[in-house]
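Student: What follows is the residue order along each chain.
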Amino acid sequence: MNEFVIAYFAALIIASCLAAYFKYTRAFMLVFSLTLVSIIVGIIGGTSALWTITIFAGLLALAAALSYAFREFLIQISRPGLAKELRTAPLTAAFGMFIIFTYAIAGVFAPWIAPHGQAEVIAGAFAPADANMLLGADQLGRDMFSRLIYGARNSVGLALVATIGAFALGAVSGLFAAVKGGWFDQAMGRSADIIMSVPSLIFALLMLSIFGTNLSIIVIVVAIIYSPRVFRLTRAVAGNIVVMDYIEAAKLRGEGDWYLIRKEILPNCTAPLIAEFGLEFCFVFLLIAGLSFLGLGIQPPTADWGSMVRENATLISFGDITPLIPAAAIALLTVAINFVVDWMLFRSSGLKEQ
Amino acid sequence: MGDVLKLILKRLGYGLLTLLVVSILIFFAVELLPGDTAQAILGQAATPETVAALRTQLGLDQPAPIRYLSWLSHAVVGDFGVSAVSGTPVVQVIGGRFINTLFLASYAAVIAVPLAIILGVIVALLRNSVFDRVANVLTLTSISSPEFFLGYILILFFAVNIPAFPAIASLSGSLSFPELLHRTFLPALTLVLVVTAHMMRMTRAAIINLLASPYIEMARLKGVPPWKVIVKHALPNAWAPIINVVALNLAYLITGVVLVEVVFVYPGIGQALVDAVSKRDFPVVQAASLIFAATFILLNLTADVGAILTNPRLRHPK
Chain V
6 MNEFVIAYFA
16 ALIIASCLAA
26 YFKYTRAFML
36 VFSLTLVSII
46 VGIIGGTSAL
56 WTITIFAGLL
66 ALAAALSYAF
76 REFLIQISRP
86 GLAKELRTAP
96 LTAAFGMFII
106 FTYAIAGVFA
116 PWIAPHGQAE
126 VIAGAFAPAD
136 ANMLLGADQL
146 GRDMFSRLIY
156 GARNSVGLAL
166 VATIGAFALG
176 AVSGLFAAVK
186 GGWFDQAMGR
196 SADIIMSVPS
206 LIFALLMLSI
216 FGTNLSIIVI
226 VVAIIYSPRV
236 FRLTRAVAGN
246 IVVMDYIEAA
256 KLRGEGDWYL
266 IRKEILPNCT
276 APLIAEFGLE
286 FCFVFLLIAG
296 LSFLGLGIQP
306 PTADWGSMVR
316 ENATLISFGD
326 ITPLIPAAAI
336 ALLTVAINFV
346 VDWMLFRSSG
356 LKEQ
Chain R
7 MGDVLKLILK
17 RLGYGLLTLL
27 VVSILIFFAV
37 ELLPGDTAQA
47 ILGQAATPET
57 VAALRTQLGL
67 DQPAPIRYLS
77 WLSHAVVGDF
87 GVSAVSGTPV
97 VQVIGGRFIN
107 TLFLASYAAV
117 IAVPLAIILG
127 VIVALLRNSV
137 FDRVANVLTL
147 TSISSPEFFL
157 GYILILFFAV
167 NIPAFPAIAS
177 LSGSLSFPEL
187 LHRTFLPALT
197 LVLVVTAHMM
207 RMTRAAIINL
217 LASPYIEMAR
227 LKGVPPWKVI
237 VKHALPNAWA
247 PIINVVALNL
257 AYLITGVVLV
267 EVVFVYPGIG
277 QALVDAVSKR
287 DFPVVQAASL
297 IFAATFILLN
307 LTADVGAILT
317 NPRLRHPK
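Residue numbers (the numbering used here), protein chains in the order written: chain V, 6 to 359; chain R, 7 to 324.
Check before you lean on any hint, since a few could be wrong.
[Unchecked claim] Straight-line distance between alpha carbons at most 25 Å, and here's what the computed DMTMM-like set of lysine to aspartate or glutamate pairs gives: (1) R:Lys16 / V:Asp262; (2) V:Lys185 / V:Glu90; (3) R:Lys285 / V:Asp190; (4) R:Lys234 / R:Glu223; (5) R:Lys12 / V:Glu316; (6) R:Lys16 / V:Asp190; (7) V:Lys28 / R:Asp138; (8) R:Lys285 / R:Asp9.
[What the hints assert, rightly or not] Here are a few chain R residues that face chain V, going by a calculated C-beta distance under 10 Å: (9) Val140; (10) Asn167; (11) Ile303.
No wet-lab data here; the hints were simulated from the structure. For clarity, every value in this text was computed on a predicted model and none was experimentally measured. Beta carbons: idealized from backbone N, C-alpha and C, even for Gly.
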């Protein structure tokens with residue numbers, strides 16, 4: 006028993022009592038179960054385990070505070086209608102938006118933020134961190150931190166382009182299938198079934214082994230692999246709209262298919278499509294990260310998070326966590342997008358599951 | 007019963023057709039390549055005569071549809087031809103590895119399936135509680151992380167910081183069964199983390215969906231005790247979605263296994279596929295892709311058939 010342990014448990018118990026007194030049932034349950042867990046963890050892991058919990062809780066609190074502040078910031082700068090929506094956003098969604106915002110800044114301004122070039126060799130292999138290199142050097146002596154920043158541009162950029170490709174392909178064919186119907190609808194539907202019946206990573210490996218790994222091939226292959234998901238969603242949503250009276254009216258007016266899609270159907274199915282775009286981006290991002298990790302994605306010396314993990318993986322066996330940072334960057338962005346999408350789906354579906 | 011049988015047969019036929027189309031896709035995708043296999047095997051230095059001889063020997067002078075039929079008829083009985091890089095039969099390259107992959111996947115499944123279903127049902131019953139919220143964030147994080155991230159974190163904690171398990175899952179030498187489980191524990195755990203998260207979320211959604219249906223509310227209103235609502239009313243209808251969830255996630259294991267095998271240097275078919283892709287060894291790529299696709303289609307088929315079989319409305323037609 007030292008001062009830290011006493012202060013730790015005192016703080017937890019006081020916090021749970023306060024929460025109970027002011028009738029914050031959820032907060033009470035959370036804090037008190039943390040207290041109970043801490044007793045067990047403390048007995049097994051000792052003071053160091055409790056420190057870990059403290060640091061973790063501190064980080065969580067920091068993230069929550071940051072999200073709260075960022076949500077206020079967004080509410081202040083957006084117009085009244087949107088501000089009202091944002092007020093109802095949970096903290097997780099605000100956190101997600103903050104992360105996406107940060108990544109966007111890092112990606113767009115990479116050359117100005119990064120202290121060194123992405124292919125610039127400035128030190129010995131695996132040189133440790135110093136004042137010049139925040140995270141040390143990689144296997145060729147390039148600055149890890151700069152490569153991480155450039156990775157935000159390259160990895161996210163590539164995934165974004167591929168997602169836009171998948172979306173354009175899937176949404177356009179889905180809309181046309183809904184409007185045209187008949188054999189075109191059938192043919193597109195069956196092709197989507199076929200593509201979805203091959204596991205995506207396997208399909209990508211097969212195609213990349215045949216066509217080689219350059220960026221445009223990756224974008225095309227990934228776009229084709231993930232377009233059936235968008236196709237099915239668009240087809241389902243648009244299918245419900247096509248039978249509406251106003252579409253019938255527009256058809257009788259003699260409007261063409263393209264007009265119907267652009268002016269009558271698309272405006273009515275943007276909400277589910279935007280949410281799907283977020284989810285689709287996550288899938289594409291993880292697939293491309295996986296391919297890069299296998300050495301079949303973005304080719305060196307361009308910085309890319311997936312291949313950075315692979316190249317520096319040997320460091321892990323020495324207990325160094327630097328190679329995990331790019332992987333964590335991938336996970337963080339995907340989680341952030343999922344948080345935002347969760348909120349958007351919740352909002353658009355009007356689901357208030359109580 | 008006639009209707010159910012018809013439905014299942016129709017589904018089986020559809021699955022078989024899909025597999026056939028996928029095999030056509032896999033075969034003809036490689037056909038698009040410039041150059042041919044004979045040239046690839048013999049290298050640039052080969053004389054035209056030897057290339058021609060090998061072409062005849064491999065049957066490459068036949069038109070593509072005939073070669074496809076012969077490839078398929080051999081593939082069905084497990085003969086995938088000869089590796090373009092090593093010259094050994096493809097079966098030797100991937101046969102044993104396929105068994106290893108199946109072992110790893112079933113190891114993960116045996117842990118993940120009961121765990122995920124139990125946790126999923128608990129979370130669904132406790133929905134909107136603190137426990138549910140925490141589980142939601144944790145499973146979301148696990149799903150959003152690339153498999154190699156989870157794998158390396160496990161290596162860092164359980165192989166480097168606390169050296170309890172080996173970081174490299176090598177299967178060389180004769181191993182007793184407990185030792186085998188010990189060596190492959192970390193790769194299996196990585197898969198368990200990903201698949202459990204997926205399965206838990208889907209089970210939760212399925213159960214909540216079910217509990218919201220009017221007949222459950224009716225049962226509650228007429229005073230049936232809560233456990234009886236679950237066991238007698240909810241569970242018979244929950245089997246279909248749960249079986250669906252399990253089969254879909256086992257299919258998901260197939261993609262996960264490739265990355266996990268590479269992280270842990272596990273001698274499985276996923277790693278063979280990745281090696282073959284980087285060496286452009288097409289017979290191996292074709293065989294591995296076909297095996298993966300067939301397993302995937304089979305599991306999806308199982309999901310559908312299971313859903314048909316366990317649907318009380320179909321089993322007891324009016």
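Student: Given the hint that R:Lys16 pairs with V:Asp262, test it: the Cα-Cα distance must not exceed 25 Å.
Tutor: 35 Å, violated
Student: Should the interface hint for R:Val140 be scored as holding, given a Cβ-Cβ cut-off of 10 Å against chain V?
Tutor: 8 Å, holds
Student: Would you mind confirming whether the straight-line C-alpha gap from V:Lys28 to R:Asp138 stays at or under 25 Å?
Tutor: 20 Å, holds
Student: Check the hint pairing R:Lys16 with V:Asp190 against an upper bound of 25 Å on the C-alpha distance.
Tutor: Given pair R:Lys16, V:Asp190 holds - Cα atoms ~21 Å apart, limit 25 Å.
Student: Given the hint that R:Lys12 pairs with V:Glu316, test it: the Cα-Cα distance must not exceed 25 Å.
Tutor: 53 Å, violated
Student: Straight-line Cα separation of R:Lys285 and R:Asp9 no greater than 25 Å?
Tutor: 50 Å, violated
Student: Quick one, are R:Lys234 and R:Glu223 close enough, alpha carbons at most 25 Å?
Tutor: Holds. R:Lys234 to R:Glu223 sits at ~13 Å (cutoff 25 Å).
Student: Mind checking the alpha carbons of R:Lys285 and V:Asp190 for me, to see if they're no more than 25 Å apart?
Tutor: This hinted pair is violated, its Cα atoms lying about 39 Å apart.
Student: Is the interface hint for R:Asn167 satisfied, with its Cβ closer than 10 Å to some Cβ of chain V?
Tutor: 6 Å, holds
Student: Hint check: V:Lys185 vs V:Glu90, CA-CA at most 25 Å. Holds or violated?
Tutor: 37 Å, violated
Student: Just to be careful: measuring from the Cβ of R:Ile303 to every Cβ in chain V, is the smallest value less than 10 Å?
Tutor: It holds, given that the least Cβ distance between R:Ile303 and chain V is near 5 Å, below 10 Å.
Figure legend: structure checked against the earlier numbered hints; hints not met, in rising order: 1, 2, 3, 5, 8.
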